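Enquirer: Spelled out, the chains give:
2 protein chains.
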Amino acid sequence: MDDRLLFHVDGELVSADEATVSVEDRGFAYGDAAFETLRAFGGEVFRWEAHAERLARTCETLTLDHGLTDEDLKDRIDETLAANDLADAYVKLSITRGTQPGTLDPHPEIDPTVVVIVKPLPRGGVGGEPPYDGPATLQTTRTRKPSARALPADAKTHNYLNGILARLELRGTGADEALMLDPDGNVAEGATSNLFFADGAALRTPSLDGPILPGITRRTVIEIAEEEGIPVEEGTYTPDAVRSAGEVFLTNSTWGIRPVEVVDGIAVDGDGEGVAGPLTTLLSRLYDLKIEEEYYDGERI
Amino acid sequence: MDDRLLFHVDGELVSADEATVSVEDRGFAYGDAAFETLRAFGGEVFRWEAHAERLARTCETLTLDHGLTDEDLKDRIDETLAANDLADAYVKLSITRGTQPGTLDPHPEIDPTVVVIVKPLPRGGVGGEPPYDGPATLQTTRTRKPSARALPADAKTHNYLNGILARLELRGTGADEALMLDPDGNVAEGATSNLFFADGAALRTPSLDGPILPGITRRTVIEIAEEEGIPVEEGTYTPDAVRSAGEVFLTNSTWGIRPVEVVDGIAVDGDGEGVAGPLTTLLSRLYDLKIEEEYYDGERI
Numbered sequence: 039m040d041d042r043l044l045f046h047v048d049g050e051l052v053s054a055d056e057a058t059v060s061v062e063d064r065g066f067a068y069g070d071a072a073f074e075t076l077r078a079f080g081g082e083v084f085r086w087e088a089h090a091e092r093l094a095r096t097c098e099t100l101t102l103d104h105g106l107t108d109e110d111l112k113d114r115i116d117e118t119l120a121a122n123d124l125a126d127a128y129v130k131l132s133i134t135r136g137t138q139p140g141t142l143d144p145h146p147e148i149d150p151t152v153v154v155i156v157k158p159l160p161r162g163g164v165g166g167e168p169p170y171d172g173p174a175t176l177q178t179t180r181t182r183k184p185s186a187r188a189l190p191a192d193a194k195t196h197n198y199l200n201g202i203l204a205r206l207e208l209r210g211t212g213a214d215e216a217l218m219l220d221p222d223g224n225v226a227e228g229a230t231s232n233l234f235f236a237d238g239a240a241l242r243t244p245s246l247d248g249p250i251l252p253g254i255t256r257r258t259v260i261e262i263a264e265e266e267g268i269p270v271e272e273g274t275y276t277p278d279a280v281r282s283a284g285e286v287f288l289t290n291s292t293w294g295i296r297p298v299e300v301v302d303g304i305a306v307d308g309d310g311e312g313v314a315g316p317l318t319t320l321l322s323r324l325y326d327l328k329i330e331e332e333y334y335d336g337e338r339i
Numbered sequence: 039m040d041d042r043l044l045f046h047v048d049g050e051l052v053s054a055d056e057a058t059v060s061v062e063d064r065g066f067a068y069g070d071a072a073f074e075t076l077r078a079f080g081g082e083v084f085r086w087e088a089h090a091e092r093l094a095r096t097c098e099t100l101t102l103d104h105g106l107t108d109e110d111l112k113d114r115i116d117e118t119l120a121a122n123d124l125a126d127a128y129v130k131l132s133i134t135r136g137t138q139p140g141t142l143d144p145h146p147e148i149d150p151t152v153v154v155i156v157k158p159l160p161r162g163g164v165g166g167e168p169p170y171d172g173p174a175t176l177q178t179t180r181t182r183k184p185s186a187r188a189l190p191a192d193a194k195t196h197n198y199l200n201g202i203l204a205r206l207e208l209r210g211t212g213a214d215e216a217l218m219l220d221p222d223g224n225v226a227e228g229a230t231s232n233l234f235f236a237d238g239a240a241l242r243t244p245s246l247d248g249p250i251l252p253g254i255t256r257r258t259v260i261e262i263a264e265e266e267g268i269p270v271e272e273g274t275y276t277p278d279a280v281r282s283a284g285e286v287f288l289t290n291s292t293w294g295i296r297p298v299e300v301v302d303g304i305a306v307d308g309d310g311e312g313v314a315g316p317l318t319t320l321l322s323r324l325y326d327l328k329i330e331e332e333y334y335d336g337e338r339i
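Line by line, the protein sequences are chains A and B. The opening position of the first sequence corresponds to residue 39 in the working numbering, with each subsequent residue numbered one higher. The opening position of the second sequence corresponds to residue 39 in the working numbering, with each subsequent residue numbered one higher.
Okay, chain A solo, but in the shape it has when bound (with noise of 0.2 Å):
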């Protein structure tokens, strides 16, 4: 840990090194909590109300009525990144059903922990150096999504071993990002990231009836191709169309798009050109000049 930063503990600003929750808080005990990771760009967090929506929902989900209001979460984190002097920075924010008397049983009444965390990032926007140590490379793994009913997909918390547990499989195989099949063997994502790939014009993406994140970057990029009248197809696929695709990327809120160049072994090659095909060339350009846009004045454009 970085002990310079400061982060955002229980409504006091701590450094890093002194950045505690009880050993009894259930966010420790039971991965009992709702998370949002996110990125700041220029000193403004990207697309804060949709966080903010699939926070309140994460919190729906798991009955965990903390009582703060949006405004407040997003003070905690303003003033995280302020008194980090950080503009650009990846942002986790998470909210715990606190430390409670008894086991497992949550109770009603609660006092939430909650937490935000800050490390610095590259600036984003155009000419922006991208977060990620290049393309990405997949590989399936065994290890798949649980199910719904075993634990919500589109709820973001702390119990991420099934992600960990994917990434683990990977462990000597070059890849660094587990292709992650949902329990009849479809494509569902990977273990930090929405999926998306195209074959020629078409872009496509598991649909969310699927145990799939909502991602906030994964909407952006639809909204971004349906403006550019690029047709979106969300459905479900199989294994083989992801290696088969002309294209892949990923997307994750530090990431934003990130190419894909190899999936189970197979190099992925639209135009025979290389890593990043022409929709995902057009794409990652179209999300950039958005970001410089909305959070940078425009200043490289």
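Please note that the accuracy of each hint is not assured.
Claimed, not checked - Partner residues are not named here, just some residues of chain B that face chain A (Cβ under 7 Å, in silico):
(1) A57
(2) T58
(3) S60
(4) V61
(5) G65
(6) D70
(7) L142
(8) R182
(9) P184
(10) T195
(11) H196
(12) N200
(13) T230
The hints are simulated quantities; they were obtained by calculation from the structure and are not laboratory data. Small disclaimer: the values here were computed from a predicted structure and weren't measured. Ideal placement from N, C-alpha and C gives every residue a C-beta, glycine not left out.
We have chain A; now place chain B onto it with these hints.
Expert: Here is chain B on its own, set in the frame of chain A:
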């Protein structure tokens, strides 16, 4: 939390209100931690070897190579019990993957965080007060156990939301334990307990082939039954088989054997005499006798 208690965190005894972990600890961030719940009788932990063995298997599943010996872990538990002057206690031992650089991907080099929490419990053995509030009322939940390909059921981890979601469904129903089904709709276990039921002279419990925690108390009950010549069948059962059973009981390390009086609103009524049928009563007595002999020098026999 009880501030008069001392907990063991990262090699040190600290008061409960100062027992904390970093907000960047993977146990907090992702529930990336193994644990065991144990019970101490007369100052000694019940079936330590079996718990240590299961903990090692959980850590193997998580590729969490903590580098500590069973003796070291046992010493930390014993120190914590002694420091609190507790002979009869609830004990929770957790090992997390600690704080690591980067985000989701676990690094092979691990500086684990080890936490021991203790709480007083009533004496066990013959004439001991059970540490539960009367017989259990079971209710089948919509929340099902994840498949083994999503989250292995034999690993005891800080990813406990599946059980919490099941318990949340019980609010307002009068039930206090969930009857959780496997992905195929067969009976699996409770949110924190294994399930047994009986018809006539045969004892039945879901087989470990399903997504079921291999409970230490479950195993002890099977051993006791076999020693007594009671037939034990480990199989696959429908919820109807439990609803229509003459006797039903639950097991876990804290409760020992806990009778069930209602399943899905239907009274369990083996002999028409009330809650604990003859087999449950016999097994409970034999279980108490075993604890009395092994942990209290048989002082009440």
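Enquirer: Does S60/B hold up as a contact with chain A if the rule is Cβ-Cβ below 7 Å?
Expert: The hint holds - S60/B has a Cβ within 7 Å of chain A, the shortest such distance being about 6 Å.
Enquirer: The hint names T230/B as touching chain A; please verify it with the least Cβ-Cβ distance against 7 Å.
Expert: Holds: closest Cβ of chain A sits about 6 Å from T230/B, inside 7 Å.
Enquirer: Under 7 Å is the threshold here; is the Cβ of N200/B close enough to any Cβ of chain A for the hint to stand?
Expert: With a minimum Cβ separation of about 6 Å from chain A (threshold 7 Å), the hint on N200/B holds.
Enquirer: Double-check P184/B for me: the hint is only fine if its C-beta lies closer than 7 Å to a C-beta in chain A.
Expert: With a minimum Cβ separation of about 4 Å from chain A (threshold 7 Å), the hint on P184/B holds.
Enquirer: Is the hint on R182/B kept, meaning its closest Cβ partner in chain A is under 7 Å away?
Expert: holds, 5 Å
Enquirer: Next item in the hint list is T58/B. Is there a CB on chain A closer than 7 Å to its CB?
Expert: holds, 4 Å
Enquirer: Using Cβ atoms only, decide whether H196/B comes closer than 7 Å to chain A, and label the hint accordingly.
Expert: Since the shortest Cβ distance to chain A is 5 Å, the answer is holds.
Enquirer: Just to be careful: measuring from the Cβ of T195/B to every Cβ in chain A, is the smallest value less than 7 Å?
Expert: This interface hint holds because 6 Å falls under the 7 Å limit.
Enquirer: Take the shortest C-beta to C-beta distance between D70/B and chain A; is it under 7 Å?
Expert: holds, 6 Å
Enquirer: Does A57/B pass the interface hint, meaning its C-beta sits closer than 7 Å to a C-beta of chain A?
Expert: Since chain A brings a Cβ to about 5 Å from A57/B, closer than 7 Å, the hint holds.
Enquirer: Classify the hint on G65/B as holds or violated, based on whether any CB of chain A lies nearer than 7 Å to its CB.
Expert: Holds. Min distance 6 Å.
Enquirer: Double-check L142/B for me: the hint is only fine if its C-beta lies closer than 7 Å to a C-beta in chain A.
Expert: Since chain A brings a Cβ to about 5 Å from L142/B, closer than 7 Å, the hint holds.
Violation of the numbered hints given earlier is absent; every hint is satisfied by the structure.
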